[in-house]
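Asks: Line by line, the protein sequences give chains A and B.
The opening residue of the first sequence carries number 1 in the numbering used here; numbering runs sequentially from there.
The opening residue of the second sequence carries number 118 in the numbering used here; numbering runs sequentially from there.
Think of the hints as simulated: they come from the structure by calculation, not from any bench.
Only a predicted model underlies this, so the values are computations on that prediction, with no experimental measurement involved.
It is possible that some hints are incorrect.
[As the list claims (entries may be wrong)] Each computed BS3-like pair below joins lysine-lysine, with the alpha-carbon atoms no more than 27 Å apart:
1. A:93 <-> B:180
2. B:145 <-> A:93
3. B:137 <-> A:104
4. A:37 <-> B:168
5. A:110 <-> A:47
6. A:47 <-> B:145
7. A:96 <-> B:184
8. A:55 <-> B:190
9. B:154 <-> B:168
10. A:93 <-> B:139
11. B:149 <-> A:104
12. A:110 <-> A:55
13. A:96 <-> B:137
14. A:35 <-> A:117
15. B:136 <-> A:104
16. A:56 <-> B:139
17. A:37 <-> A:56
18. A:37 <-> B:180
19. A:114 <-> B:184
20. B:144 <-> A:37
21. B:190 <-> A:47
22. B:190 <-> B:154
23. A:56 <-> A:28
24. A:48 <-> B:154
[To be verified] Quick list of simulated restraints, FRET-style, between CB atoms:
25. A:70 <-> B:145: 20 to 28 Å
26. B:201 <-> A:81: 24 to 32 Å
27. A:78 <-> B:174: 17 to 25 Å
Note that the Cβ used here is the ideal one computed from N, Cα and C, for glycine as well.
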Amino acid sequence: MSNHYETVFVVTPVLSAEQAKETVDKFKQMLKDAKAKIHNEEHWGLKKLAYPIQKKSTGFYQLFQYEVEGDFIAKLELAFKRDERIMRFLTVKLDKHAVAYAEKRIERLKSTAKAAK
Amino acid sequence: MAENSSEIRYLNPPAIDVKKEKYCRFKKNRIKYIDFKDPDFLLQFVNEQGKLLPRRITGTSLKYQRKVAQAVKRARHLGLMPYVADLMK
Chain A
1 MSNHYETVFV VTPVLSAEQA KETVDKFKQM LKDAKAKIHN EEHWGLKKLA YPIQKKSTGF
61 YQLFQYEVEG DFIAKLELAF KRDERIMRFL TVKLDKHAVA YAEKRIERLK STAKAAK
Chain B
118 MAENSSEIRY LNPPAIDVKK EKYCRFKKNR IKYIDFKDPD FLLQFVNEQG KLLPRRITGT
178 SLKYQRKVAQ AVKRARHLGL MPYVADLMK
């Protein structure tokens, strides 16, 4: 039974832009291999951290909101732990209220994107 | 007897005993999910040192206070909110 999950992770700022992009694509590829349905994907870019993590004060934030089989999450978290370019990661299972909130967030993003164009 | 009890005339009624009715803002405007990703909303539930405000100050109900606490802790883990801060507001 596939559940809704939301993963936010912070990539170390030391990397160049395309290296950061490459780490993000690596995890996106992992999700695709596990036949996950990615609902939403956000890249907040370089943000200032509230406290230094690994002696660094900024980080690339990336959000994935997807639907996948439950057993895939252990593999994903292991990959996060192994990858030293990832400073922090957090995977959250979404209940029905959270999913409703996420849908509203997607529409809001679409409308702002449309308005920006 | 009753007249002299009402002898004391206040220029303006003392505001201390007017109790402002506290309410749970999540129940009132039907917020069902507290998002850990936007720290500026969560800052309202945290004092200047970054510590969580108690329910008696914010007036939130127990169910939503737990959700707020969990969201703040997740935001702290991700570096969106500080564990310890001074005069951050």
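Asks: Honestly, which of those hints from before does the structure not fit?
Replies: 3, 4, 6, 10, 12, 13, 14, 15, 16, 17, 18, 19, 20, 25, 27
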